[in-house]
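Work out the full structure: start from the sequences and follow the hints.
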Amino acid sequence: MQRNDSRESAREIVVPGDLLADRSMKAGPGTYVENGNIYASLLGIKSIRSNTIGVVPLSGQYVPIRGDMVIGKIVDMGASNWLVDIKAPHPSPLHVNEVPWRVEFGETGRFMTVGDLVLLKVVGVDELGRVQISMKEHGLRKLAGGVVFDVAPAKVPRVIGRSGSMIQIMKNLTGCRIHVGQNGRIWIDGDLDNILRAVEAIKLIEKEAHSRGLTEKIKSLLDHSPSKGE
Amino acid sequence: MGGTPLPEGIKLIDENGKRVDGRMPDELRPLRIEAGVLKRADGSAYLEWGQNKVMAAVYGPRECHPRHMQDPTRALVQCHYNMASFSVDDRKRPGPDRRSQEISKITSEALTNVVFTEYFPRTSIDVYVEVLQANAGTRCAGLTAASVALADAGIPMKDLVASCAAGKVADTMVLDLGKEEDNFGQADIPVGYIPRTGEIVLLQMDGDLTTDQFRTGLGMAVDACKRIYEVQRDALRRRYTIPAGGNEDADNPEVR
Chain G
3 MQRNDSRESA REIVVPGDLL ADRSMKAGPG TYVENGNIYA SLLGIKSIRS
53 NTIGVVPLSG QYVPIRGDMV IGKIVDMGAS NWLVDIKAPH PSPLHVNEVP
103 WRVEFGETGR FMTVGDLVLL KVVGVDELGR VQISMKEHGL RKLAGGVVFD
153 VAPAKVPRVI GRSGSMIQIM KNLTGCRIHV GQNGRIWIDG DLDNILRAVE
203 AIKLIEKEAH SRGLTEKIKS LLDHSPSKGE
Chain Y
178 MGGTPLPEGI KLIDENGKRV DGRMPDELRP LRIEAGVLKR ADGSAYLEWG
228 QNKVMAAVYG PRECHPRHMQ DPTRALVQCH YNMASFSVDD RKRPGPDRRS
278 QEISKITSEA LTNVVFTEYF PRTSIDVYVE VLQANAGTRC AGLTAASVAL
328 ADAGIPMKDL VASCAAGKVA DTMVLDLGKE EDNFGQADIP VGYIPRTGEI
378 VLLQMDGDLT TDQFRTGLGM AVDACKRIYE VQRDALRRRY TIPAGGNEDA
428 DNPEVR
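Chains as they are written, first to last, in the working numbering: chain G, 3 to 232; chain Y, 178 to 433.
I should point out that these hints are in silico values taken from the structure, not numbers from a laboratory.
Just to be clear, a hint being listed does not mean it is correct.
Result set (DSBU-like, lysine-lysine): computed pairs, CA atoms no more than 35 Å apart in a straight line [what the hints assert, rightly or not]: (1) Y:K188 to Y:K335; (2) G:K28 to G:K157; (3) G:K48 to Y:K188; (4) G:K157 to Y:K335; (5) G:K123 to Y:K335.
Predicted model only: the values in this text are computed from it and were never measured.
Shown next as structure tokens:
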């Protein structure tokens, strides 16, 4: 496998405290600067993009960032808000003003109850880690039916693919409706066989997230396991 | 320290300068670390160091309980050190005691020095250290394993913490005391060390030493920490390097 050797060496695994570069480069995510030198702060893969050096994490909890599309689960209700678990360290309140319906005071339970899944957007995170979420945007809604499961948040970029290529392949080849939250929650709806195929594909992506040629592998997996409906 | 007399027929250092278990004074017990051994934990590590067997698991950053302990500016690193009842010859009475509370506290404090706690306000990072088999030096083993588990959990850190003990046995300064040396030796200094910056994050001493002996011992422990650090880094890299190589092969069916 000489073909891969040179590419493999480019994927260098770094450990917290590893020296990455001196002051000639810019410090990207997963790094910190001390005495002008750039060190890794995470266990991950070293990545260099133009003049910025960073570390792509291999594990870790979901850290909400403004603009993230996430899938949340209602865990509690108040008179004018719901509490939503978005896999961040703390549950986030979803106020009635942030939903697309007009909700009277105390009537929250008529719209969504504990256990419901919602597609949300993170509108802001303050310095105390408090998250503001909203459903008031096009495409955001309550997710009815379908199945939901979790993958490691660090693997989400791979499931989505570059500008959504991976997820598009899976949508096309299974005919399922799929939503992937940045928090690692994935919702799939379609007929049962196709859902199972999509789940299998996503499990494979999660398992082999840091191998190359994954798109091709997923394509052939989905091509070769046609649904019973076809 | 030195309370119980040495049993007949045991020499802690023999004529050749070797120790009870045949090691030289500056020799470590064999150390092996494996990262990512627990599926349900966010990060984990299993460590075997001589006869010591330690499992470390990390959960979080997650909501801090009890609530009044949470800090609005940073995360709390909470370590829970526990010795299994079967980890020692005489059954250890299960549950927290003075010793394990102390070790939990010093481990948390040592780790707080390297974790970027300010990235996760109001949360707690829980570190569980379970000693499955004990043979002296479990606080060092626990701290070494815990820092590997933290890195495995994807928690941002300045560096790993390596830890090792030095001590005085039969008037000789030795490294990494074994059980007999710990029980019948004269002194014991556990050291926690940040190899990149050379900072010491854990330093305790049990027994009496002269200033010179202390300096020698500290120097020995620090050197050993640097060696242990390499084992830690290797464990973390190995966790991801092997499956990546395997996948590369699987890409190409002919090679299988």
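To test your reading of the hints: which numbers does this structure violate? 1 and 3
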